[in-house]
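Chains as they are written, first to last, in my numbering: chain B, 1 to 321; chain D, 1001 to 1321.
Where hints are given, some of them may not hold.
Claimed, not checked - So the derived list for chain D, only partly shown, Cβ under 10 Å to chain B, looks like this:
1) Ile1085
2) Gln1114
3) Asp1118
4) Ile1129
5) Gln1131
6) Gln1141
7) Leu1209
8) Asn1298
9) Ser1300
10) Leu1301
Hints listed in this document are in silico derivations from the structure and should not be mistaken for laboratory results. Every value quoted in this text rests on a predicted model; they were computed, and no experiment measured them. The beta carbon of each residue, even a glycine, is placed where N, CA and C say it ideally should be.
Protein chains: 2
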Amino acid sequence: MLIEYKEIIDKELRLFSDKLPSLSIYDPIKYIISNGGKRFRSSLTLMAADLFSNQPLLAINEAIAIELFHNFTLIHDDIMDQAPIRRNLPAVHKKWDENIAILSGDLLYAIVNQLLSDSSSQSPTLHQIFQQTAVEVCEGQSLDMEFENLEIISISEYINMIQLKTAVLVACSLKMGALIGGASKKDAQLLYDFGFNLGTSFQIDDDILDVFPKEDNFGKQVGGDIIEKKKTILFIDFLSKASEEDQIMVNDIIDDKQLSKDQKVSKVKDFYLKYDVLKVAQESKNNFYNKSMISLQNLSLPEEKKKIVENFSVHLMNRKF
Amino acid sequence: MLIEYKEIIDKELRLFSDKLPSLSIYDPIKYIISNGGKRFRSSLTLMAADLFSNQPLLAINEAIAIELFHNFTLIHDDIMDQAPIRRNLPAVHKKWDENIAILSGDLLYAIVNQLLSDSSSQSPTLHQIFQQTAVEVCEGQSLDMEFENLEIISISEYINMIQLKTAVLVACSLKMGALIGGASKKDAQLLYDFGFNLGTSFQIDDDILDVFPKEDNFGKQVGGDIIEKKKTILFIDFLSKASEEDQIMVNDIIDDKQLSKDQKVSKVKDFYLKYDVLKVAQESKNNFYNKSMISLQNLSLPEEKKKIVENFSVHLMNRKF
Chain B
1 MLIEYKEIID KELRLFSDKL PSLSIYDPIK YIISNGGKRF RSSLTLMAAD
51 LFSNQPLLAI NEAIAIELFH NFTLIHDDIM DQAPIRRNLP AVHKKWDENI
101 AILSGDLLYA IVNQLLSDSS SQSPTLHQIF QQTAVEVCEG QSLDMEFENL
151 EIISISEYIN MIQLKTAVLV ACSLKMGALI GGASKKDAQL LYDFGFNLGT
201 SFQIDDDILD VFPKEDNFGK QVGGDIIEKK KTILFIDFLS KASEEDQIMV
251 NDIIDDKQLS KDQKVSKVKD FYLKYDVLKV AQESKNNFYN KSMISLQNLS
301 LPEEKKKIVE NFSVHLMNRK F
Chain D
1001 MLIEYKEIID KELRLFSDKL PSLSIYDPIK YIISNGGKRF RSSLTLMAAD
1051 LFSNQPLLAI NEAIAIELFH NFTLIHDDIM DQAPIRRNLP AVHKKWDENI
1101 AILSGDLLYA IVNQLLSDSS SQSPTLHQIF QQTAVEVCEG QSLDMEFENL
1151 EIISISEYIN MIQLKTAVLV ACSLKMGALI GGASKKDAQL LYDFGFNLGT
1201 SFQIDDDILD VFPKEDNFGK QVGGDIIEKK KTILFIDFLS KASEEDQIMV
1251 NDIIDDKQLS KDQKVSKVKD FYLKYDVLKV AQESKNNFYN KSMISLQNLS
1301 LPEEKKKIVE NFSVHLMNRK F
């Protein structure tokens, strides 16, 4: 259902990109805009405005700002994670260099702020929500980096990290759109909570799907997170429960150069089953999903509008990969 | 005369730093705040508010935001320039690492925006001025990086670069303070122009002083820019005028491992004198200084207040190094 919003966003981003100056530091910005993306967050902003006003375009500036902010974080995250590829194309720091990636990211965030400061919808409340979220997203990324070097993390620390790193921006996207659409403070906050919990549930599901994909997941590589030793909710739960011996064995399996990727994933999966880590992850996922549905039900919107949002949520959580 | 404002800023920054969360990504921010600095831009914001309202503290949030924004640019510039030292201490990317420097810089800019969005003085106009300036500062840094790899730059291109990289933030600091102090649009713009031209003049003077210091410059190292082959206004003017032969000779002198630094500087200085590059630089410096004084005179402020600003300008331009 977000596809119509995505088309609006894609069109606006093209217009926006075409108007950028010709100075070469804008090239990476034009590049990342043109490389696509789901436009998920910005579509939510339009949807939220639409829900309360039937005029999604009221929030177009803020939607574009949020989409560009997300892209700014991708440019800088890819440097920090040394990720060479983004959306099947070279990441900015690879296509240009790290300095250009740092500076074009900074410039992109400045452009985001300029867009927000030029918008006729602006208000102190909207600025506060957005910038508070920006601070939290940076905090989340810092925790993510820190956790890579830590032996032990608790599941609640992990969930706090993914909430800061990703759920708050999803929540902010909805809240800003709702406020611009004329929602009451209470409804705007309920939609924030909906997005925050749905975003958390979605991230947990992401960890689960990597190892336990849905049945008709034809041909997609399984277990990428295992191979990269990524600290997912499954791995964290395993580490908290497994005997020292089993922890060493899993580590050895992943490092074993004699094994194929599929063999490694299959062997580690057996350990995951042994310690029932899927159960904890699924409970957590369902818990956040149910919370999001409660917020949704409490919104003072007509039932048919709530149904639209619920259908979107079901669709989102039923994705195949 | 700015010393009283500097004391206010230093005190506020300490309070601000003490209230930051304990999360480790805030450590580099606390570090760079505690390492001092002239607090030049933020002092100008307080001064401008003071000129129009006699209440410098009206603009304290914006002054702090501007000072922190400046520090954010220093953290990222030091990565890009591979500068190991800042204010006689290890730069953030050296004391920690590049990833931490990128992310703590991003976080610092987010905090700046949060400060501005929480300020009771905020207005769409203030947000616009500030974010427009932020965009320009990034553009200036991009030109600076680009120019390092270019053979030929014109003096006007160079001046445009220093104006974007530094003068606009000086101008913005004054304009925001003026508006918060209740200045008319016209006066705020005059103070912007004053700062823009004075900032430009100051940067050109910086280039001149490196090679031609004032007489009582006891013991300070002269010619650091020459040794680093920095594209200063002097070097650019030399390159535009010198014979190919002389250009090659200057290049060979700087690269000559048999020569001491002082010998290199002295020999290159002879070439600068041969082509009279000091004259062009000084004319340019005076030109911008005179422009700034015209804007100052046109302000609708009592003469004694204009005199205060003029004295400050004279003091600024008469610094010894």
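Hint by hint, here is what the structure shows:
Contact between Ile1085/D and chain B, as hinted, is not supported at the beta carbon level, the nearest pair being about 19 Å apart and thus beyond 10 Å. Given hint, Gln1114/D at the interface with chain B, holds; its Cβ is 4 Å from that chain's nearest Cβ, closer than 10 Å. Restraint check, Asp1118/D versus chain B: the minimum CB separation of about 6 Å is within 10 Å; hint holds. Hint status for Ile1129/D: holds, given a least beta-carbon distance of 9 Å to chain B, under 10 Å.
Hint on Gln1131/D holds. Least Cβ distance to chain B is approximately 4 Å, under the 10 Å limit. Checking Gln1141/D against chain B: minimum C-beta separation of about 6 Å stays under 10 Å; hint holds. Interface restraint check: Leu1209/D against chain B, minimum CB-CB distance 28 Å, threshold 10 Å, status violated. Interface hint status for Asn1298/D: violated, as the beta-carbon distance to the closest one in chain B is roughly 28 Å, over 10 Å.
The criterion of a C-beta within 10 Å of any C-beta in chain B is not met by Ser1300/D, whose closest approach is roughly 27 Å, and the hint is violated. Hint status for Leu1301/D relative to chain B: violated, with the closest Cβ pair at about 28 Å, above 10 Å.
Against the hints set out earlier in the document, violations occur for numbers 1, 7, 8, 9, 10.
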